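Peer 1: My request is simple: use the sequences and hints to build the entire structure.
So the protein lines, in turn, are chains X and C.
Be aware that the first sequence starts at 1, since it is given in our numbering, and climbs by one per residue.
Be aware that the second sequence starts at 1, since it is given in our numbering, and climbs by one per residue.
Simulated from the structure, these hints should not be mistaken for lab results.
Treat the hints with care, since some could be wrong.
[As the list claims (entries may be wrong)] With a cut-off of at most 20 Å between alpha-carbon atoms, the simulated EDC-like pairs for lysine to aspartate or glutamate come out as follows:
hint, chain 1, residue 1, chain 2, residue 2
1, X, 102, C, 85
2, C, 49, X, 101
3, C, 113, C, 20
4, C, 113, X, 101
5, X, 102, C, 8
6, X, 102, C, 88
7, C, 113, C, 8
8, X, 70, X, 30
Small disclaimer: the values here were computed from a predicted structure and weren't measured.
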Amino acid sequence: DGGITQSPKYLFRKEGQNVTLSCEQNLNHDAMYWYRQDPGQGLRLIYYSQIVNDFQKGDIAEGYSVSREKKESFPLTVTSAQKNPTAFYLCATLRSQGGGEKLFFGSGTQLSVL
Amino acid sequence: AQSVTQPDIHITVSEGASLELRCNYSYGATPYLFWYVQSPGQGLQLLLKYFSGDTLVQGIKGFEAEFKRSQSSFNLRKPSVHWSDAAEYFCAVVRGNAGNMLTFGGGTRLMVKP
Numbered sequence: 001d002g003g004i005t006q007s008p009k010y011l012f013r014k015e016g017q018n019v020t021l022s023c024e025q026n027l028n029h030d031a032m033y034w035y036r037q038d039p040g041q042g043l044r045l046i047y048y049s050q051i052v053n054d055f056q057k058g059d060i061a062e063g064y065s066v067s068r069e070k071k072e073s074f075p076l077t078v079t080s081a082q083k084n085p086t087a088f089y090l091c092a093t094l095r096s097q098g099g100g101e102k103l104f105f106g107s108g109t110q111l112s113v114l
Numbered sequence: 001a002q003s004v005t006q007p008d009i010h011i012t013v014s015e016g017a018s019l020e021l022r023c024n025y026s027y028g029a030t031p032y033l034f035w036y037v038q039s040p041g042q043g044l045q046l047l048l049k050y051f052s053g054d055t056l057v058q059g060i061k062g063f064e065a066e067f068k069r070s071q072s073s074f075n076l077r078k079p080s081v082h083w084s085d086a087a088e089y090f091c092a093v094v095r096g097n098a099g100n101m102l103t104f105g106g107g108t109r110l111m112v113k114p
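Peer 2: Given below as structure tokens:
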């Protein structure tokens, strides 16, 4: 089935540790996004990538890093510089075609600090 | 399994007409409810959210939504649609006892006729 796979579903991070969240898609979409969800707030954009080997910072990129070596994959690393990493992380892709653009969403990863 | 349903994939309304976009969810407990808009060439923007209290919620751009527990619905409304409202609209739900884990509906594309 076509879709977006995020793993793991739950992730725990120790102080000072880097962790990487996986996002894989087989929808053949060029653009991919990482969002963060905190209690009481809307989604905030961390990073996005329009094409392979290119990515741009979103609104809250500090403490995060990404790579886009393959079209299918857009992993997000939460570094030790991110002082408040506990949140729900959502990966999305964008379909662009004649009928208009549409976002598709993964099932998310809940990251917690031990 | 938790689910969020937006029954209408496409809706076309005339400019100046009223609008209602439907959203249903399948949880027992009262969830946290959101409506987002994805505008062409842009990311997601939060229109409004419901956590508790008054079941009629006012949002930005003249939108409102009403939480109806008996119908498990959170429909988005606008009394008079503008051409600039043409976009993809997403309903999203955080289950009340599931932390921040966000589930999106499939989206409804709104087209506005002059």
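Peer 1: For each hint, tell me whether it holds in the structure or not.
Peer 2: Hint check results:
Of the supplied pair hints, the one linking residue 102 of chain X and residue 85 of chain C holds, its CA atoms being roughly 15 Å apart against a limit of 20 Å. Distance restraint check for residue 49 of chain C and residue 101 of chain X: the Cα-Cα separation of roughly 24 Å exceeds the 20 Å cut-off, and the hinted pair is therefore not satisfied. For the hint pairing residue 113 of chain C with residue 20 of chain C, the CA-to-CA distance comes to about 16 Å; that is within 20 Å, so the pair holds. Simply put, residue 113 of chain C and residue 101 of chain X have alpha-carbon atoms about 18 Å apart, close enough for the 20 Å limit, and the pair holds.
This hinted pair checks out: residue 102 of chain X and residue 8 of chain C have alpha carbons roughly 15 Å apart, not beyond 20 Å. For the hint linking residue 102 of chain X to residue 88 of chain C, the alpha-carbon distance of about 7 Å falls within 20 Å, and the restraint holds. A C-alpha spacing of about 17 Å is found between residue 113 of chain C and residue 8 of chain C, which places the hinted pair at or below 20 Å, so the restraint holds. Straight-line distance between C-alpha atoms of residue 70 of chain X and residue 30 of chain X comes to about 10 Å, which keeps the hinted pair within the 20 Å bound.
This entry does not satisfy hint 2, going by the numbered hints stated previously; all others are met.
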